[in-house]
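Q: Taken in sequence, the protein lines are chains A and B. Number 13 in UniProt numbering belongs to position 13 of the first sequence; there are no gaps in the numbering. Number 425 in UniProt numbering belongs to position 425 of the second sequence; there are no gaps in the numbering.
Keep in mind that the hints were calculated from the coordinates and are not lab data. This structure is a prediction, so every number in the text was calculated from the model and none was measured. There may be inaccurate statements among the hints.
Chain A is faced by these chain B residues, among others (derived, beta-carbon under 8 Å) [to be verified]:
#	residue
1	Gln26
2	Ile139
3	Lys143
4	Gly148
5	Ala151
6	Phe198
7	Gln290
8	Gly291
9	Asp327
10	Gln329
11	Ala423
12	Val435
13	Arg438
Non-contacting residues of chain B with respect to chain A, defined by C-beta distances greater than 12 Å in every case (computed) [said to hold, decoys possible]:
#	residue
14	Val228
15	His324
16	His330
17	Pro333
18	Ala341
19	Gln389
Quick reminder that beta carbons are idealized off the backbone N, C-alpha and C, glycines included.
Residues per chain, in single letters:
Protein chains: 2
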Amino acid sequence: MSNLPPIQVGLLGIGTVGSGVFRVLQRNQEEIRRRAGRGIAITMVADLDTGRARSIVGDAAQVVADARAVIANPAIDIVVELIGGYGIARQLVMEAIEAGKHVVTANKALLAVHGSEIFAAAQAKGVMVAFEAAVAGGIPIIKALREGLTANRIQWVAGIINGTTNFILSEMRDKGLDFDVVLKEAQRLGYAEADPTFDIEGIDAAHKATLMSALAFGIPVQFDKAYVEGITKLQAADIRYAEQLGYRIKLLGITKRVDGGVELRVHPTLVPARRLIANVEGAMNAVVVQGDAVGTTLYYGKGAGSEPTASAVIADLVDVTRLHTADPQHRVPHLAFQPHAMSDLAVVPMERVVTGYYLRLRVADQPGVLADVTGILARAGISIDAVLQREADEVGGEGSTQTDLIILTHDTAEGTMNAALAAMQALPTVLAPIVRIRKEELA
Amino acid sequence: MSNLPPIQVGLLGIGTVGSGVFRVLQRNQEEIRRRAGRGIAITMVADLDTGRARSIVGDAAQVVADARAVIANPAIDIVVELIGGYGIARQLVMEAIEAGKHVVTANKALLAVHGSEIFAAAQAKGVMVAFEAAVAGGIPIIKALREGLTANRIQWVAGIINGTTNFILSEMRDKGLDFDVVLKEAQRLGYAEADPTFDIEGIDAAHKATLMSALAFGIPVQFDKAYVEGITKLQAADIRYAEQLGYRIKLLGITKRVDGGVELRVHPTLVPARRLIANVEGAMNAVVVQGDAVGTTLYYGKGAGSEPTASAVIADLVDVTRLHTADPQHRVPHLAFQPHAMSDLAVVPMERVVTGYYLRLRVADQPGVLADVTGILARAGISIDAVLQREADEVGGEGSTQTDLIILTHDTAEGTMNAALAAMQALPTVLAPIVRIRKEELA
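Isolated chain A (complex conformation):
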């Protein structure tokens, strides 16, 4: 055991995650010291609400309102940024790096957008920026991608990386309810925020997918290239039809190596119900990584919450404690690949992405409709995997009836599908906007 005094940590922001970090570090301090070989102590906390901060840390740490006082303190070795967002958090992280501090952050938005700038600054300064908590909360998925699977040429990564939306989708399926109803319930239960936009529109998942894409393929973070589609338009009917066809609908963050580039996309996705990831319910997260040597691996756990996220933040603190006096050359590269060995693989435009599709068409129940629709698909070279035609269920004007026609297609380029969709939508017998959901076999 080293006789070094504890490494000193300054927290910027002590809300849900920060208080978890403080509490777990206190509770498990002996266990953590036995692992790290050195104590880890939060000795300074900056929070605008100094009263709340003091009520959490008591006399254990100095509390200040000004984050820059933490950065300026020469006794602080590691700065933990838990403020969130792109604004002041970005400035403070850059200033902490400039001051020679190692940084631990849970801020996926910041890294997905400004990661290149931040990692370059850290590299130049010889400090570490660790971010295990930025993706999938307590699941050590960054470590798996960056260290555990180094032997592999990663082929794809697909994850349920937003607990709020997975909770909503699970509830929609369990209870047969539509999105709006379940969102309100999720807000009441604290699973969704008052302003849930980042979650339900897929933006949070896209931040995380962007980071995993960089780690998997050795490319710079490129959030602006990500395709992002949320779950707000999903209907209970589609979840039910998918179930009948043997699929579950999950909001997946997907990044995939393809000819000429990398796919990077977030959207609702049909996944075969027998896949383990299809059975990840409620607010849980799971990430599947496919490598050429290891095959399929999956990582599952809580993707958010005070102590699960704190678990990841503290794992980073232990890593930094172990490595901060070591030669920077021996540290794990921020984005898994050495900074001078990054790839320039481009993120391919969505039109070139190839997936299967679930289509739901509201059609007039009359002869020739199926022939018209399948004829358009055939002419576009789109191969059909399954068709589900329901009995006519609604009487329209003048005694006409309507029905749902559900089609699963084999792999098709998005551009091809878009053209076919436009043609189908123009059919007079197609009575409502066609629902299109992408499908991945994940095999």
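Given chain A, work out where chain B should sit, using these hints.
A: Showing chain B alone in chain A's frame:
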């Protein structure tokens, strides 16, 4: 990128795993170098079958029959031991350490039995012994336990860590067949070895559980203290009854922190069918880790095979490449905790282990049997969770009929259950040896 020449690796044994390591290192050499910052090259291979070895490595590496020639070669930085077993492998690993080589090994048997001696020698010599491939093949579970979850007081670890037995159990369930029939099929398909003893008797799983126990709780490896029960006595009927009660039967390696010590055991286990791990099928592996901060996490992937195991071996090679010139103080401790901070928590005897139980009694179908059986349980203080009584299905001598009585109990100490089992077995109406399978809720 470093200008250092490739780090030189010597392989001891180039069978299934060794050839996978060689092949993946060759195929992904550029990808691996971009991550590690330095090339990794197998330059020497020792195998008794030098002809086969040469046919695999060609001119890329020197092939010798004598493993000691590899250890004696001053150019070799890392020795990869893939011989297996406790005999010559132990000697060679100790000699490699003595010669100042870092060691990477997939040999769980060796480490579970002789780990203390080996890790102490490595510590004294300042070299690393890395063993990611020793547990759950390509799944980076050692890294998760040792680095990813350092914030946590680990509460328990439970894993499907033997692919052969999971394949057999999956087939027994799918096809309703008994053990012997499925074992023969597994042998024909290459999922079970000609001598399957280590797998089917639970010994291989116990080796791995022993290693996870040490990593989770900071205790020395103590394979001799593990309780080990295999799957050879399992019957299709029990798998079917378990299913009717909402459970699957899996061979689990379990290690758990309890009052006064640590449980360490391998046995067939009823697991609720809705748990993710209950849905791990075929030869796949999965490990669930419960930590006080992170909650439940699960790690899933291929637990064996040439390239999945190679994936773990190479991840270790990259770790060693990154850390071998660093101060030994900054390396991750072999058993997750610093050598001077190990715990002396004892492995508790099986009599004190507390679990639920599944009992199947073959009883005479006559009044009072259920009362007799439940009376014994009640007097022992054993609480019943569920009872399943089948209709009488068999006519015995003199027109008497028999039936299966299935009982699920709540948590009970094994010693208490043993006494109750003896009393029930002595009832004249209990007509065959009682089947007892342990049950874990894993919640």
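Q: Now tell me if each hint is right for this structure.
A: Hints, verified against the model:
Interface hint status for Gln26 of chain B: violated, as the beta-carbon distance to the closest one in chain A is roughly 12 Å, over 8 Å. The closest approach between the C-beta of Ile139 of chain B and any C-beta of chain A is roughly 6 Å, which is under the 8 Å cut-off, so the hint is satisfied. Interface hint status for Lys143 of chain B: upheld, as the beta-carbon distance to the closest one in chain A is roughly 5 Å, under 8 Å. Contact between Gly148 of chain B and chain A, as hinted, is supported at the beta carbon level, the nearest pair being about 3 Å apart and thus within 8 Å.
For the restraint placing Ala151 of chain B at the interface with chain A, the shortest Cβ-Cβ distance is roughly 3 Å, inside the 8 Å limit, so the hint holds. The interface hint given for Phe198 of chain B is violated, since its Cβ lies 23 Å from the closest Cβ of chain A, which is over the 8 Å cut-off. At a threshold of 8 Å, the smallest CB-CB gap from Gln290 of chain B to chain A is about 10 Å, leaving the interface hint violated. Here the hint on Gly291 of chain B is kept, as its CB sits about 7 Å from the closest CB of chain A, short of 8 Å.
At its closest, the beta carbon of Asp327 of chain B sits 6 Å from a beta carbon of chain A; the interface hint therefore holds under the 8 Å criterion. For Gln329 of chain B, the interface hint holds, the least distance from its beta-carbon to any beta-carbon of chain A being 7 Å, beneath 8 Å. Interface hint status for Ala423 of chain B: violated, as the beta-carbon distance to the closest one in chain A is roughly 41 Å, over 8 Å. The restraint placing Val435 of chain B at the interface with chain A is violated, with a minimum CB-CB distance near 29 Å, outside the 8 Å limit.
Nearest Cβ of chain A to the Cβ of Arg438 of chain B: about 24 Å, over the 8 Å cut. The hint is violated. Chain A leaves Val228 of chain B outside its interface by the beta-carbon criterion, the shortest separation being 27 Å against a cut-off of 12 Å. Not every beta carbon of chain A lies more than 12 Å from that of His324 of chain B, the smallest distance being close to 9 Å; the non-interface claim is violated. Some Cβ of chain A comes within 12 Å of the Cβ of His330 of chain B; the nearest lies about 5 Å off, and the non-interface call is violated.
Listed as a non-interface residue, Pro333 of chain B fails to keep its Cβ farther than 12 Å from every Cβ of chain A; the least gap is roughly 7 Å. Against the 12 Å criterion, Ala341 of chain B falls within the reach of chain A, whose nearest CB is about 4 Å from its own CB. Taking the minimum C-beta to C-beta distance to chain A, about 31 Å, the non-interface status of Gln389 of chain B holds against the 12 Å cut.
Violated hints, listed in ascending order, are 1, 6, 7, 11, 12, 13, 15, 16, 17, 18; each of the other numbered hints is respected by the structure.
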